[in-house]
Each structure stands twice: as structure tokens, then as C-alpha cells.
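Fit chain to chain and form the complex, with the hints in mind.
So the protein sequences, as listed, match chains A and B. Per the numbering used here, residue 1 is the first one in the first sequence, and the count goes up by one each step. Per the numbering used here, residue 1001 is the first one in the second sequence, and the count goes up by one each step.
For the record, the hints were derived by calculation from the structure and aren't laboratory data. In this text, a Cβ means the ideal position worked out from N, Cα and C, and glycines have one as well. Among the clues, some could well be false.
Claimed, not checked - Restricting the straight-line Cα-Cα distance to at most 27 Å, the calculated cross-link-like pairs of lysine-lysine (BS3-like) are:
{"#": "1", "chain 1": "B", "residue 1": "LYS1133", "chain 2": "A", "residue 2": "LYS71"}
{"#": "2", "chain 1": "A", "residue 1": "LYS80", "chain 2": "B", "residue 2": "LYS1002"}
{"#": "3", "chain 1": "A", "residue 1": "LYS50", "chain 2": "B", "residue 2": "LYS1002"}
{"#": "4", "chain 1": "A", "residue 1": "LYS114", "chain 2": "A", "residue 2": "LYS132"}
Unchecked claim - Label pairs and their computed distance ranges (CB to CB):
{"#": "5", "chain 1": "A", "residue 1": "ARG14", "chain 2": "B", "residue 2": "ILE1032", "range": "28 to 34 Å"}
{"#": "6", "chain 1": "B", "residue 1": "VAL1059", "chain 2": "A", "residue 2": "GLY61", "range": "48 to 54 Å"}
{"#": "7", "chain 1": "B", "residue 1": "GLY1044", "chain 2": "A", "residue 2": "PRO59", "range": "39 to 45 Å"}
{"#": "8", "chain 1": "A", "residue 1": "MET142", "chain 2": "B", "residue 2": "ARG1212", "range": "48 to 54 Å"}
{"#": "9", "chain 1": "A", "residue 1": "ARG30", "chain 2": "B", "residue 2": "ARG1088", "range": "48 to 54 Å"}
{"#": "10", "chain 1": "A", "residue 1": "TRP22", "chain 2": "B", "residue 2": "GLY1089", "range": "34 to 40 Å"}
{"#": "11", "chain 1": "B", "residue 1": "GLY1089", "chain 2": "A", "residue 2": "MET142", "range": "28 to 34 Å"}
Said to hold, decoys possible - Partial list, computed: chain B residues near chain A (C-beta under 10 Å):
{"#": "12", "residue": "ILE1007"}
{"#": "13", "residue": "LEU1010"}
{"#": "14", "residue": "ARG1018"}
{"#": "15", "residue": "ARG1021"}
{"#": "16", "residue": "VAL1022"}
{"#": "17", "residue": "ALA1026"}
{"#": "18", "residue": "PHE1081"}
{"#": "19", "residue": "ARG1151"}
{"#": "20", "residue": "GLY1152"}
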Amino acid sequence: MLAAQRGDAAAYRRLLVEAGAWLQRYYSRRLPASMVDDAAQEVLLSLHTKRHTYDSSKPFGPWLAAIARYKWIDRLRAMKDAPTEELDEELAVRDHGEAVQSARVLETLLATLKPAQANAIRLVKLEGLSIKEAAERLGQTMALVKVNIHRGLRQLSERAQEDGHEA
Amino acid sequence: MKLDALIERLTEDLSPVRPRRVWIDALIIALIAAGELALLFAVGIAHLDMHRVMSQPTVGWRIVSLGLISLVSGWLAIRSFDPTFSARGSMRWLALIVVLCVAYGVLTSGLPVAVASIVQRLAWHSGVQCASKIVLLSIPPLLALAVLGHRGAPTDLRRTPLLIGLAAAAWGAFVFVFACPFNDPLYILTWYGLACGIVTLVARLVLPRFARW
Chain A
1 MLAAQRGDAA AYRRLLVEAG AWLQRYYSRR LPASMVDDAA QEVLLSLHTK
51 RHTYDSSKPF GPWLAAIARY KWIDRLRAMK DAPTEELDEE LAVRDHGEAV
101 QSARVLETLL ATLKPAQANA IRLVKLEGLS IKEAAERLGQ TMALVKVNIH
151 RGLRQLSERA QEDGHEA
Chain B
1001 MKLDALIERL TEDLSPVRPR RVWIDALIIA LIAAGELALL FAVGIAHLDM
1051 HRVMSQPTVG WRIVSLGLIS LVSGWLAIRS FDPTFSARGS MRWLALIVVL
1101 CVAYGVLTSG LPVAVASIVQ RLAWHSGVQC ASKIVLLSIP PLLALAVLGH
1151 RGAPTDLRRT PLLIGLAAAA WGAFVFVFAC PFNDPLYILT WYGLACGIVT
1201 LVARLVLPRF ARW
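So that you can see chain B by itself, here it is in the shape it has in the complex (with noise of 0.2 Å):
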């Protein structure tokens, strides 16, 4: 077809359209999000004496790390789904905002050198329960961002799905903060960090090819 052809194509096929509007795409994620939250209360597996689990000696770093890198890879996928936006010199302050918050569990976890001491500590059966819960969590902030994306128009199809998987896989262990009952920085960094991994490893090997446009 010519060029002329195919320019009068798609003027006869013009029609109004929505434009998109990054605040949107953010407020629909934030409702699913919010949602998820609300029926992990409602349904009761959420910790019912949330003044016990606030307690908790590691609750504040787990919510303020994932929480944090939740919210700013969610938000930095949202508007990589603009064409014209840029996620290079963003990612390099997530990275690091990744590094802190692993390196205060790391600290703080109290390094063991024993490995019976490792085995115990890191309770594999209840890990790897943990880790397919949150993975499970990660699903519904995964699929609407991959929607979102799929409707948008994404032009780094690298950056953006590990974006993506990296905010559902943090928003997924955000919530499961609050229905955890282990408390081991060790334990949490394994089987935490394992879950976010697969997550975020799924979505940068399967989203580019539904991204793709």
C-alpha cells in the first residue's frame, strides 16, 4: 500500500479517543493494590492484632523497604509506559534504594557460621509456603500493570517488564508482611528476596512479548 492510501485509511478510520493520563493508570493500580490488601483482612489471613504484629522487631524495615520499592518501581513503570519517558537514569536510584534496604537485613540479620544454624534458621518448609504465597499476592498488581502497559505504549521492553515485576513482586511481599509470622532478617531475605526474584525473573523473560507493539 502507498503512503497516500494507507493516510487516507486511517483518517476514514479516525475516531475521538481518551488520551491516557499517567495519574489513571496510577489510581486503577493503587485500587488493586488497596483491594488486595483489604480482602487479605477481610478474609482473615492478615494477622488480626496488628498492635502485635507492629511490634515485631523487623515489621518497619519490611513495610518501609517493600512498601517504598513498590511504590517507586510501580510508579516508574506506570510512566515508562510513555513512549517518549526514559526509566535509564531512574532505575540507577532504584537499584540503590534496593542495595539500602537489603544491606540494613543484612546487618541486621546477625550473619550465622554454623550451617546447622543456617538450616534451622531459614526453615525451609515454612520459606518455601512463604515464598508461593507472595508470588501468589504478586499476580493481580502483575496482570493490571501488564495491561496497562500492553495498552500504553512502551518503548524499553527491557526496563519496563523488570519494572513491572518488581513492584508486583514488592507490593506481593508488602502485603504478606502483614499475615508472616517469621521474624529472622535471614529468613526474610531468603525466602522474601527468592519470591521477589522469580517474580520479577518471570515478568522480564515473559512480558516483552506481550508488551511488544
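Okay, chain A solo, but in the shape it has when bound (with noise of 0.2 Å):
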């Protein structure tokens, strides 16, 4: 950031990209997913605008964590203000069976597995977090959240074709 202060348009593209992929994590476990893209690029429109107010005796991560969390209190305050349509009582929905099946199958194969694999495989796999996150939630170091995922993986990999065989 600090070379991109003085003008360097390469430096400036790279912290741009990688910003871009940070905000879009950031925003996919925040907003519907049809509003991350646009509020990375709101962030981002920011960050250029108020370049000048970034202290390069400070680190860069909070600054942008500062403003992107700003932006994302300001759309959600404009999510509340925004008028909203009363669905009809009788609407015409997309069969969802399928997709609850599925989930019950899973939680069932879950549920099989030792407490920490599967808060592990439900925190990075299932609610969309990074190791270093899960890792944190969980209280556990990172190598032993990315151990408990693959046995646990593993393990429902063989209990689903086991199942399969079975059926």
C-alpha cells in the first residue's frame, strides 16, 4: 500500500487482486451471495478513493477489515430501509426434497464421525470457514484441523460406499 501511495501501478494491481479475493470471503459469509460482488467492488472503489488515509507505520490488514466492515454495516442498514415485496400466501416454489434428503443424509454420516472431525468438516467444508478460522472456533491447532478433515472425509467416503453397496 505504501508503494502504491507513492504511484507504483504494479504494486497497487497486485494488493488490488489480492484485497478483491479477501473481500469476496469476506462478504460470502456476511451477504446474499448475489450482493459479494458488488460490495468487494464498493470496498475496493474505497480503498482507491481513500488511499491517502492509510498509515504506513500501521499494518494494512485492519485498515481494510476497518472499511470493509463500515461498507457492510452501510448496506445492511440499506437492506433494512430498502422496501421489500409481501409474498403471496400460495407461491409457486422449487421442490427442495432433494436438497433436505441430502442434508439429512449427511448430518446421519456426521453424526457417525468423532465430535472433532466433524465440527471440523462442518466449519471449513459445510460453513464456508479457513483453516486458520476453524482453527480458532475450535480451540485446535491448524495441523490438527486439517488431520481431523481428511480422516474424517476419508471415513465418510468409506461409510457412504459402504451404505452403497448396502443399498
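Take a look at the structure:
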């Protein structure tokens, strides 16, 4: 960012690409999928217009996170104030039976694993957390989370195959 | 527009910028505030007999209280233009300073018991004039802080305008001390308090629209 403040375009492009990827991950956990791109772009624009407010004596991450959080709250406020359409009582919707069935099967399979393995898989593979975040949430090391996911998935795969054979 | 296209556009639009420095913002505000005070003396609105002014019983309390509130809230306001700064914790200390300053005034005011005495001591006609002048004197620092806030990146649009309003109001009142002939703590608490309250409230209500980015 310091190089970008001085006008280094190559460094700035690298920074924006990395910041954009981080912002998409950040918003994918906080906003509906349809809004993630818009929100990330809005923050990149703000980063551009407010780049002079970055203090080079401090780390860049918290500065970007503060802007992302500010824009997120702004967006939530706008969503709250936006007019909503009342839905008809009888509305044709897609049948979610298959998805529900899959979710139930998955939960049944996860229940057969050790809690540490099941929790690691839930957080990382289903909720989309990073290994680091999952490790913090579970109070485990990152290596242990990876091992739990690996072993858990292997066991799930074996059990799914066994069930398939039985069926 | 896709993210990649936006990144290309922003990269093409890149130009060198001068990083914001907190101390430069503080210096700008200090110069404006000092200029206002100097102007007050230059045009003869302030008392020329400073020895007599300084011997007034409440002048020390007024100068220390308003100067301190203005200094602390002004500094916090400038710091809050940085997106990573949170004024939440510091505002408790600021609130404590305000409460202590007001409490000192209340304790030394000698609470009146009779309604007639209150009306007489408040001298509402002069009081309204004093309050109006304090509001006017608050405008230059208020505008300067608002412009600096707009140029910065404040992320707390409730506290930052509040701090700007309080700093500007306290400075306006501080400057007015040198022109105010009244010494009654009850009068000062009421009219100075009213003027500061109005400026702070207006800043709180109006500035969020201006500071949004």
C-alpha cells in the first residue's frame, strides 16, 4: 500500500487482486451471494479514493477490515430500509426435498464421526471458514484441523460406499 | 462491472497521494482556533483589560474546563477520521471530564431557592445574546473539522460528529470567555451549556450526511 501511495501501479494491482479475493471471502459469509461482488467492488473503490488515509506505520489488514466492516454495516442498513414486497400466501416454489434429504443423510453420516472431525468438516467444508478461523473456533491447531478433516472425509467416503453397496 | 475490470480501471487511475498525517490536521485546527482568538482581540470584542478578566472568580474554571474539553474532544475527533480508530473507550474519559467540569460549576454556583432569584441570575436577555455568540464562534472550527472529516475516512458516524460538535462548541465557549462580562456560575452553566448543547446536537444530526463516504 505504501508503494501504491507513491504511485507504483504494479504493486497497486497486486494489492487490489489480493484485497479483492479477501473481500469476496469476507462478504460471502456476511451477505447474500448476489451482493458479494457489488460489496467487494464498493470497498475497492473506497480503498482507491481513501488510500491517502492509510497510515504506513500500521498494518494494512486492519485498515482494510475496518473499511470492509463499515461498508458492510452501511449495506445492512440500506437493506433494512429498502422496500420489501409481500409474498403471496400461495407461491409456487421449487421442491427442496432432494436438498433436505441430502442434508439429513450428511448429518447422519457426520454423527458417526468423532465430534472433533465432524465439527472441523462442518466449519470448513460446509460453513466456508478458513482453516485458521476453524482452528481458532475449535481451540485446535491448524495442523490438527487439517488432519481431522482429512480423516473425517476419508471415513465418510468409506461409509457412503458401504451404504451404497448395502443398498 | 467485473472485479478484474474494476481493478484494471483503478490501477490506470492511480496517482501518487500524500498520506494523511494526524498532526497536520491538528495543526490546521490549532491555527484556525488561534486565528479566531487573535481576531477576537484584534477587533476589540474581547476585554482589553486582561488583568481584570483573569481576576474574575470563575474565569479559571471556565478556561480550564472549556479548554480541556475542546482539546480532548478535538484530538479524538481528528483521530476518529482514521477508519481503524475507535473512540468508544476514550469517550468515557471525555464524558468524565465534562461531568467533573459541570459538577465543579454546580458546586460553586450556590443553588438558589427562590424562583425570582433564578430568573434574575439567569438574565435571559443577555444569556440569549451570549449563547448566540458562542454558537457563531463555534462555526469556524466546526466547518474546519467537518471538512477534515470529509477528507478522512471516519467509520463511526455517530461518535465522530458528536466529537466534532463538542470540540467546536467548547472552543467557541472558550473564546467567548474573554469577551463575557458575566461571572455567575449558574448563568454560565445555563447559557454556555445551552449553546454547547445546540452546536453538539446540530453537528450530531447534520454531519453524518456530510461525513458519509
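Going down the list of hints, with the structure as the test:
| no. | hint | result |
| --- | --- | --- |
| 1 | B:LYS1133 x A:LYS71 | violated (39 Å) |
| 2 | A:LYS80 x B:LYS1002 | holds (26 Å) |
| 3 | A:LYS50 x B:LYS1002 | holds (21 Å) |
| 4 | A:LYS114 x A:LYS132 | holds (20 Å) |
| 5 | A:ARG14 x B:ILE1032: 28 to 34 Å | violated (40 Å) |
| 6 | B:VAL1059 x A:GLY61: 48 to 54 Å | holds (49 Å) |
| 7 | B:GLY1044 x A:PRO59: 39 to 45 Å | violated (52 Å) |
| 8 | A:MET142 x B:ARG1212: 48 to 54 Å | violated (39 Å) |
| 9 | A:ARG30 x B:ARG1088: 48 to 54 Å | violated (22 Å) |
| 10 | A:TRP22 x B:GLY1089: 34 to 40 Å | violated (28 Å) |
| 11 | B:GLY1089 x A:MET142: 28 to 34 Å | holds (32 Å) |
| 12 | ILE1007 | holds (4 Å) |
| 13 | LEU1010 | holds (5 Å) |
| 14 | ARG1018 | holds (6 Å) |
| 15 | ARG1021 | holds (8 Å) |
| 16 | VAL1022 | holds (8 Å) |
| 17 | ALA1026 | violated (14 Å) |
| 18 | PHE1081 | holds (7 Å) |
| 19 | ARG1151 | holds (8 Å) |
| 20 | GLY1152 | holds (6 Å) |
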